[in-house]
Amino acid sequence: MSEFLRSYLTVAIFGLVGLALVGAFLGLGRILRPDHPTPQKLESYESGVDPTGDTWSQANIRYYIFALLFVIFDVEAVFIFPWAIRLDAYGAFGLIEMGIFIFILLLGLIYAWRKGVLRWA
Amino acid sequence: MILALDPLYLTNIGLAVVLIALLKVVLAFAIVLVAVLFMVWFERKVIADMQHRIGPNIAGPWGLFQTLADGLKLLMKEDLVPEHSNRFVFKLAPFLAIVPAFLTFAIIPIGGNFESKGGSVRIFGYDTYLQVADPPIGILLFLAMSSIAVYGVMLAGWSSGSKFPLLGSVRASAQMVSYEAALGLSVLAVILQTGSLSTHEMVADQAAGGFLGFIPNWNIIVTGFVPFLIFLIAGTAELNRPPFDLVEAEQELVGGFHTEYSSFRFAIFFLAEYLNTINMSAIIVTLFLGGPSGPVLIEGIDWAWGILWFLVKLFVFLFAFVWFRATLPRFRYDQLMDLGWKLLIPLSLGWFLFLAALNIGNDRGWNPGVVVGVTIVGGFAGGALLMAAIRTARTERISQEVDAHG
Amino acid sequence: MSAVFAAVSTDAPIFVAQNVFFAVVALLMVGSALKVVTTSNVVHAALWLVLVLAGAAAQFILLGSEFVAVTQVLVYIGAVVVLFLFGVMLTRASMGDDESVAGEKRSMAAVVAGLLLAVMSVALIDSFSDDRVVIDQPQLVTTVADSIFSQYIVPFEAISVLLLAALIGAIVVARRD
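Residue numbers (our numbering), protein chains in the order written: chain X, 1 to 121; chain F, 1 to 406; chain L, 1 to 177.
Bound-form chain X, shown alone (with noise of 0.2 Å):
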């Protein structure tokens, strides 16, 4: 148990000192970089006309679909990785389970498909 915790405690401290670095170059670059805001400065970049608000947020629900898709996959692929380890243990009847769950996830897919949410992305 405690191996299985250093391993981790190992990953920890390699993430901590990879965010602590680059917040040591940030630092680093504030004290060498100039400071001088103008408002034109600090006005935000827009090169055309901004899209209005509710035709352009109705236009894009299809990318909250692709979202809300992968979570179903997600979660699919989440229950396929255990199964997948023990595959030889469950045999042909694991391997129809398996499948019919598979199976009901590609008709929500293929419902997806035919009711044209995943077109014109």
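Rather than coming from a laboratory, the hints here were simulated on the basis of the structure. Just so you know, these numbers come straight off a predicted model, no measurement behind them. Incorrect hints may have been included.
Said to hold, decoys possible - Derived pair list, reagent style PhoX-like, types lysine-lysine, alpha-carbon separation capped at 25 Å:
| id | chain 1 | residue 1 | chain 2 | residue 2 |
| --- | --- | --- | --- | --- |
| 1 | F | K77 | X | K41 |
| 2 | F | K163 | F | K91 |
| 3 | L | K105 | L | K35 |
| 4 | F | K91 | F | K73 |
| 5 | F | K45 | F | K91 |
| 6 | X | K115 | F | K91 |
| 7 | L | K35 | F | K91 |
| 8 | F | K77 | F | K91 |
| 9 | F | K45 | X | K41 |
| 10 | F | K163 | X | K41 |
| 11 | F | K91 | X | K41 |
Let chain X serve as the given structure and place chains F and L on it in line with the hints.
Frame of chain X; chains F and L shown alone:
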């Protein structure tokens, strides 16, 4: 039950063990930073060569210090936080882009003697694996870190305070999220073959045995080429690299999600992208090409051969990514999403089930020809039904539109 | 209650370390959860939620269940909160603070939350105060797989139907345009 654990941690914890772990962390950092600097220079030089020009050649011999010079320049530029932005999230987003990239590197085995010592190397009298950590769920950590990388992109665009970065970041995150599903599903074939999620186990499995005496037991051959191809395509799209870089292209939405970022914060996004490229290549090498496994030709320095083979294979894929950039035209966004959802996901799931059936058939003594035959028939039947369903939907839609305009 | 503390003081150092980490992560989670409900910017609330979920994943690792921990990061943080942020960014997209999100009826909410905390604390401490958490081996993925595909196979198949229903429902609602 054997856990794939680094032999270093099985000894009693003492100062030497802690120091060796720290040494690995420091070495990994050094390798990461040097590799990123090298990769940026390498890409510019190779693309220049393919486009029949010279590329950077002034800062240092052959322009080797160009990346360092660019980094220093960016460090000393003025850092502007736009007025209408959300300051806290604006400053947080670069960190969310680069820390997952560092963490992915921790699970990659970069060396080790897999011929005789099971992948370990002797440092100062202790046997240890040449990877920072080897958690038993190794490859899932890689998938989790790519999921977190989406946050960097999303929050950068949103916090910039204007609609162009926001739109760019929404499109980029939708692209990354779509291909993450395909990425995870194509790793399944490798996990099926290995029977474990640990990266060390995957390399050890590919180091053993072989076919006909000289073809190595690499997963690229054993799982068929299909999961490898799917992983390569999904990985390129996940990285927002050409030919899938529409959301970052200069001719489109200005700079995409990082339009409003300047100086070192922009450099962090830039470095994170190249670091992710190196990580993705390293993961491909680990999953499909056997990582650091390879023949040990000189017994005396056995620890060096693992690193050498790993670097050679890694180099092939780094070159491949640069080659894609130099030669392939860009995908349109809808073509990109179609490819991800309509081709890669069903194909990876279908191929995985096929491999699972073959595996079980092997154990239970089924005739592999029968399994292949059933799969082909089932595939055709399923494909025909799918085409019929799509076609009826299309004719309905077209008749609706004709009625509406008629 | 006292049994728990006695166990802590006499066991090996690793248990002390686990308890210390548990306390730190738990404090972080409670603080972040409070920020989720009190901050007035929706996206900030989502980010504090990510911190709470990351804390939950860390607790799972401390308990030795690494598959559950990585699933927490992969699905909850990597997909569900991303979905939530997509929804927020595509509709509200307001930069600054939005008082209506956290302002009204704060004191009543605090009273209800306090009562709930009291009831749950009494119930949990009463039932579990004499139990001890003894984890000497981390939980293997193979164990999780075995339990899903033998004991919980029916809920497993039910999950696929549930996901299908969620997907169809969301598509129907989103297409009502």
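Each hint, compared with the structure:
A threshold of 25 Å between alpha carbons decides the hint, and for K77(F) with K41(X) the separation of about 13 Å falls inside it, so the pair holds. Only pairs whose Cα atoms come within 25 Å are accepted, and K163(F) paired with K91(F) is accepted, the gap being roughly 18 Å. Restraint check for K105(L) and K35(L): satisfied, since their Cα atoms lie roughly 16 Å apart, inside the 25 Å limit. Under the criterion of a C-alpha separation no larger than 25 Å, the hint pairing K91(F) with K73(F) is consistent with the structure, at around 20 Å.
Proximity of K45(F) to K91(F) is assessed by CA-CA distance (about 32 Å); at most 25 Å being required, the pair is judged violated. At roughly 40 Å between alpha-carbon atoms, K115(X) and K91(F) are farther apart than 25 Å, so this suggested pair is violated. For the proposed pair K35(L) and K91(F), the alpha carbon gap of about 19 Å is at most 25 Å, so the pair holds. Simply put, K77(F) and K91(F) have alpha-carbon atoms about 16 Å apart, close enough for the 25 Å limit, and the pair holds.
Of the pairs offered as hints, the one joining K45(F) and K41(X) is violated, with about 34 Å between alpha carbons and a cut-off of 25 Å exceeded. At most 25 Å may separate the alpha-carbon atoms for a hinted pair to count; K163(F) and K41(X) meet this at roughly 18 Å. Between K91(F) and K41(X) the CA atoms are separated by roughly 18 Å; this keeps the pair inside 25 Å, and the hint holds.
The earlier numbered hints that this structure contradicts are 5, 6, 9.
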